[in-house]
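Given chain A, work out where chain B should sit, using these hints.
Protein chains: 2
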Amino acid sequence: MERITGGVTAAKGFQAAATAAGIKYQDRMDMAMIVSEAPAAAAGTFTTNVVQAAPVKWDKKIVAEEAFAQAVVINAGIANACTGAEGLEYCKRTAEAVETCLQIPAKQVLVASTGVIGMQLPMEKLARGVETMAQGLEHSPANGHQAACAIMTTDTKPKEAAAVFEVDGKTVTVGGMCKGSGMIHPNMCTMLSFVTTDLNISKELLQEALKSDIQDTYNMISVDGDTSTNDTVLLLANGMAGNQKIVKKDENYQKFLQALHDVNETLAKKMAGDGEGATALFETKVIHADTKEHAKILAKSVICSSLTKAAIFGHDANWGRILCALGYSGVDFDPEAIELFFQSRSGKILIYQNGIAADYSEEEAAEILSDQEVTVLVDMKMGEEEAAAWGCDLTYDYVKINADYRS
Amino acid sequence: MERITGGVTAAKGFQAAATAAGIKYQDRMDMAMIVSEAPAAAAGTFTTNVVQAAPVKWDKKIVAEEAFAQAVVINAGIANACTGAEGLEYCKRTAEAVETCLQIPAKQVLVASTGVIGMQLPMEKLARGVETMAQGLEHSPANGHQAACAIMTTDTKPKEAAAVFEVDGKTVTVGGMCKGSGMIHPNMCTMLSFVTTDLNISKELLQEALKSDIQDTYNMISVDGDTSTNDTVLLLANGMAGNQKIVKKDENYQKFLQALHDVNETLAKKMAGDGEGATALFETKVIHADTKEHAKILAKSVICSSLTKAAIFGHDANWGRILCALGYSGVDFDPEAIELFFQSRSGKILIYQNGIAADYSEEEAAEILSDQEVTVLVDMKMGEEEAAAWGCDLTYDYVKINADYRS
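Going line by line, the protein sequences match chains A and B.
Its first residue numbered 1, the first sequence is counted upward by one per residue in the working numbering.
Its first residue numbered 1001, the second sequence is counted upward by one per residue in the working numbering.
Hints listed in this document are in silico derivations from the structure and should not be mistaken for laboratory results.
Check before you lean on any hint, since a few could be wrong.
[To be verified] Simulated restraints on C-beta separations:
id : chain 1 : residue 1 : chain 2 : residue 2 : range
1  : B       : R1003     : A       : E89       : 52 to 58 Å
2  : A       : S212      : B       : E1065     : 48 to 54 Å
3  : A       : E293      : B       : Q1103     : 48 to 54 Å
[Stated by the list, open to error] Which residues of chain A face chain B? A partial, calculated answer using Cβ under 10 Å:
id : residue
4  : T83
5  : V223
6  : L307
7  : T308
8  : R321
9  : G330
[To be verified] The calculated DSS-like cross-link candidates involving lysine-lysine, where the alpha carbons are at most 30 Å apart (straight line), are:
id : chain 1 : residue 1 : chain 2 : residue 2
10 : A       : K285      : A       : K245
11 : B       : K1381     : A       : K60
12 : A       : K269      : B       : K1400
13 : A       : K61       : B       : K1381
14 : B       : K1255     : B       : K1203
15 : A       : K285      : B       : K1400
16 : B       : K1060     : A       : K400
17 : B       : K1400     : A       : K348
18 : B       : K1057     : A       : K381
19 : A       : K60       : A       : K269
20 : B       : K1348     : A       : K400
21 : B       : K1061     : A       : K381
22 : A       : K211      : A       : K61
23 : A       : K292      : A       : K348
24 : B       : K1292     : B       : K1400
25 : A       : K400      : B       : K1285
26 : B       : K1400     : A       : K400
27 : A       : K400      : B       : K1269
28 : A       : K249      : A       : K211
29 : B       : K1400     : A       : K157
30 : B       : K1061     : B       : K1348
31 : B       : K1211     : B       : K1057
32 : B       : K1060     : A       : K381
33 : B       : K1400     : B       : K1269
34 : A       : K248      : A       : K292
35 : B       : K1400     : B       : K1248
In this text, a Cβ means the ideal position worked out from N, Cα and C, and glycines have one as well.
So here's chain A without its partners, still in its complex pose (with noise of 0.2 Å):
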């Protein structure tokens, strides 16, 4: 597997748009749509909370009836979410757009949103945005990266990365786009993820493997502990890599699992890195805990920590925060045995043993932490596993994103 530049067109037969539709932003492209040359099997994963987005109940009702997508339609600035029949109304009136200028059936359009809440979608502004989308539909990395800026909101960066690898001989590409920052409203945010591969293999695979990777990719990101209605990521994969059609889990689905967790994991972080206000991403690694399950709980807890991260901003060594926040998890440990250590590009110090401080140097440890990519390691010294997390410091921007009166 190798990483390569590029995103959500970088695989074979994916083809991309966006425009500014003026859904609520002015001047800035607002509406992305991906479009496969040939129907593509599609998995999906959503969010878990109650209440959930007209988006979301029009994706999952495909993913799971249809056996092949083959576009999908992304605005930014309204979510669709607390909209009610109307609001599921839209979903299939975007879809059907999206028939009328490109012959590809309502029932194969996914669609995502992401934005206010229980606000409506101006619908002709949607079908004008379709319409225009399906006439700039290109299989290149400018419009790959022109719809990764398209669906931001209070995102600072787009977020896009690709991987390729090689089954029967053949080329394979992995690429995908995502958006973080927040929850929503007023921000208008809210996790998407879509990832395209060309790769041939089947619908039950492809789903096994996005369901399976999500758990240690987007679920262990963090920015603010708020799980958003909209939350979706979508994995189309079209086939037209050439390769034999993967229907077991042999070498070639391993190789595949690899290239879809690097591209998943890098899009994760990125989110987390450019987290609401954050000025860095802070990351806790878990290690030699007794099991994975342990592991996973122990360094979200410490990254969802909102003194922690306070601290992080702070560039300040609380090492008491991180201890607090692992006693806290749920886990059960012997303080006293453990081990932390700062890490980052300046460095690496331990930072508390045997129950209580250890002698390292607080300027040491400030240098550390003044790192745009911050490293707390756990060394839980009970067994062999290990699982790292992943969210952004607490800061003022974060507080001011938030509490600024939607306008």
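Showing chain B alone in chain A's frame:
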């Protein structure tokens, strides 16, 4: 039951003192002592964090094994957490200092600390503080108030509450003091609460009353979701009201429960409203839930949501975030059936109904949310159970307080 002014010295036979021991703060009182004239039955509840401070370990043993306790020594500035064997030794030496000064057995002396994790206490200053306080003990409202001031860390106000009721024609008093207001280091914050009563009651019933009441009071507040290593509630009953000893759950026990609940709820709400950086007390009341447990989970999910808390700070009627927080709480419900209201001294408005926004005025909503005490009322329309939870808004000052380097 009737509320009265006063705090931890309101009940008969309880004395208090405070002093500036110079443990970490300068130019302010940072130690307090509570002494009962007669040995008192002692009940306690403690943090569930796996990482427990030395005073928590010390007190748990006394509450579990000793028939009585007679004094509590509290310091602010250093938490005595993650301090190893040395930290536990300091608890013992503090208790021995009380034994020397007041002839109260060291095994009947409870201790509590709040402040920076990982630093050792200056034992000589602590011992001198005990000596000074032993000479200044008084059963007076002024001394109770001084004690409430001395245990503050990032708290902006001392927190006291008291109530009286009658048993056997005798007046019984319950009084207490507590502190908040974040979790720990460097802001030296931990939830500590001390409640005293002159009721004559068996130790078993006293513990049972406390254990059940904290579920609806202290356990229903959150400032930042970080469960401290030092959380402690101590309840002392010295029997000096002269009532016949309560040994079963009769009418008199119920009267006590009511007064205890009133004192605990008042103290808990004061803690939430004075959370780090807070400008408002943020209450969520869930009514017509199917079970009490679900009502509590739903209420707590809303007051813990960072996005909702930031919106409260911005006086933004951002109901999508509230619905979202209810939705990810883990409780199942029909989002189309429930109703949301905002409520404060400025009025009450319906904000969400039938799965979509109600027809409300944003100006009126912002006016209601500008109060210092704001309530979100959630009508689940599922049953007869209800619960309340209390938090505060998320502000720039929360970040400021917690990002500043330890000093």
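Hint-by-hint comparison with the structure:
1. As the Cβ distance of R1003 (chain B) to E89 (chain A) is approximately 55 Å, the hint placing it in 52 to 58 Å holds.
2. For S212 (chain A) paired with E1065 (chain B), a C-beta distance near 50 Å keeps the hint of 48 to 54 Å intact.
3. Between E293 (chain A) and Q1103 (chain B) the beta carbon distance is about 53 Å. The supplied range of 48 to 54 Å therefore holds.
4. About 7 Å separates the beta-carbon of T83 (chain A) from the nearest beta-carbon of chain B, less than 10 Å, and the hint is met.
5. Annotation: V223 (chain A) was flagged as interfacial toward chain B, and the flag holds, the nearest CB pair being 9 Å apart, inside 10 Å.
6. Given hint, L307 (chain A) at the interface with chain B, holds; its Cβ is 5 Å from that chain's nearest Cβ, closer than 10 Å.
7. At its closest, the beta carbon of T308 (chain A) sits 8 Å from a beta carbon of chain B; the interface hint therefore holds under the 10 Å criterion.
8. Because the smallest distance between the Cβ of R321 (chain A) and any Cβ of chain B comes to about 6 Å, under 10 Å, the interface hint for this residue holds.
9. A distance limit of 10 Å between C-beta atoms decides the matter here; for G330 (chain A) the minimum to chain B is near 9 Å, and the interface restraint holds.
10. Distance check on the hinted pair: K285 (chain A) and K245 (chain A) sit about 36 Å apart at the alpha-carbon level, beyond 30 Å; violated.
11. Simply put, K1381 (chain B) and K60 (chain A) have alpha-carbon atoms about 28 Å apart, close enough for the 30 Å limit, and the pair holds.
12. Note on K269 (chain A) and K1400 (chain B): the hinted pairing holds, with a Cα-Cα distance of about 26 Å set against a maximum of 30 Å.
13. Our distance criterion of 30 Å between C-alpha atoms is met by K61 (chain A) and K1381 (chain B), whose separation comes to about 28 Å.
14. Proximity of K1255 (chain B) to K1203 (chain B) is assessed by CA-CA distance (about 17 Å); at most 30 Å being required, the pair is judged to hold.
15. With a CA separation close to 27 Å, the supplied pair K285 (chain A) and K1400 (chain B) stays within the 30 Å bound.
16. With a C-alpha separation of about 42 Å, the suggested pairing of K1060 (chain B) with K400 (chain A) is violated against the 30 Å cut-off.
17. Taking the CA atoms of K1400 (chain B) and K348 (chain A), the gap is about 27 Å. The hint holds against a cut of 30 Å.
18. With a CA separation close to 24 Å, the supplied pair K1057 (chain B) and K381 (chain A) stays within the 30 Å bound.
19. Taking the CA atoms of K60 (chain A) and K269 (chain A), the gap is near 25 Å; set against the 30 Å cutoff, the hint holds.
20. With a CA separation close to 27 Å, the supplied pair K1348 (chain B) and K400 (chain A) stays within the 30 Å bound.
21. Distance restraint check for K1061 (chain B) and K381 (chain A): the Cα-Cα separation of roughly 28 Å lies within the 30 Å cut-off, and the hinted pair is therefore satisfied.
22. Of the supplied pair hints, the one linking K211 (chain A) and K61 (chain A) holds, its CA atoms being roughly 16 Å apart against a limit of 30 Å.
23. Only pairs whose Cα atoms come within 30 Å are accepted, and K292 (chain A) paired with K348 (chain A) is accepted, the gap being roughly 24 Å.
24. Distance check on the hinted pair: K1292 (chain B) and K1400 (chain B) sit about 37 Å apart at the alpha-carbon level, beyond 30 Å; violated.
25. Between the alpha carbons of K400 (chain A) and K1285 (chain B) the distance comes to roughly 27 Å, so the proposed pair stays at or under 30 Å and holds.
26. Of the pairs offered as hints, the one joining K1400 (chain B) and K400 (chain A) holds, with about 13 Å between alpha carbons and a cut-off of 30 Å not exceeded.
27. For the hint linking K400 (chain A) to K1269 (chain B), the alpha-carbon distance of about 26 Å falls within 30 Å, and the restraint holds.
28. The hinted pair formed by K249 (chain A) and K211 (chain A) meets the criterion: a straight-line CA distance of about 15 Å does not exceed 30 Å.
29. Restraint check: the Cα-Cα separation between K1400 (chain B) and K157 (chain A) comes to about 26 Å, which is no more than 30 Å; the hinted pair holds.
30. Distance restraint check for K1061 (chain B) and K1348 (chain B): the Cα-Cα separation of roughly 48 Å exceeds the 30 Å cut-off, and the hinted pair is therefore not satisfied.
31. About 18 Å separates the Cα atoms of K1211 (chain B) and K1057 (chain B), which keeps this hinted pair within 30 Å; it holds.
32. At roughly 28 Å between alpha-carbon atoms, K1060 (chain B) and K381 (chain A) fall within 30 Å of each other, so this suggested pair holds.
33. For a cut-off of 30 Å, the pair hint linking K1400 (chain B) to K1269 (chain B) stands: about 23 Å separates their Cα positions.
34. Distance check on the hinted pair: K248 (chain A) and K292 (chain A) sit about 25 Å apart at the alpha-carbon level, within 30 Å; holds.
35. A hinted pair counts as satisfied when its Cα atoms are at most 30 Å apart, and K1400 (chain B) with K1248 (chain B) does not qualify at roughly 50 Å.
Of the hints listed earlier, those the structure fails to meet are numbers 10, 16, 24, 30, 35, in rising order.
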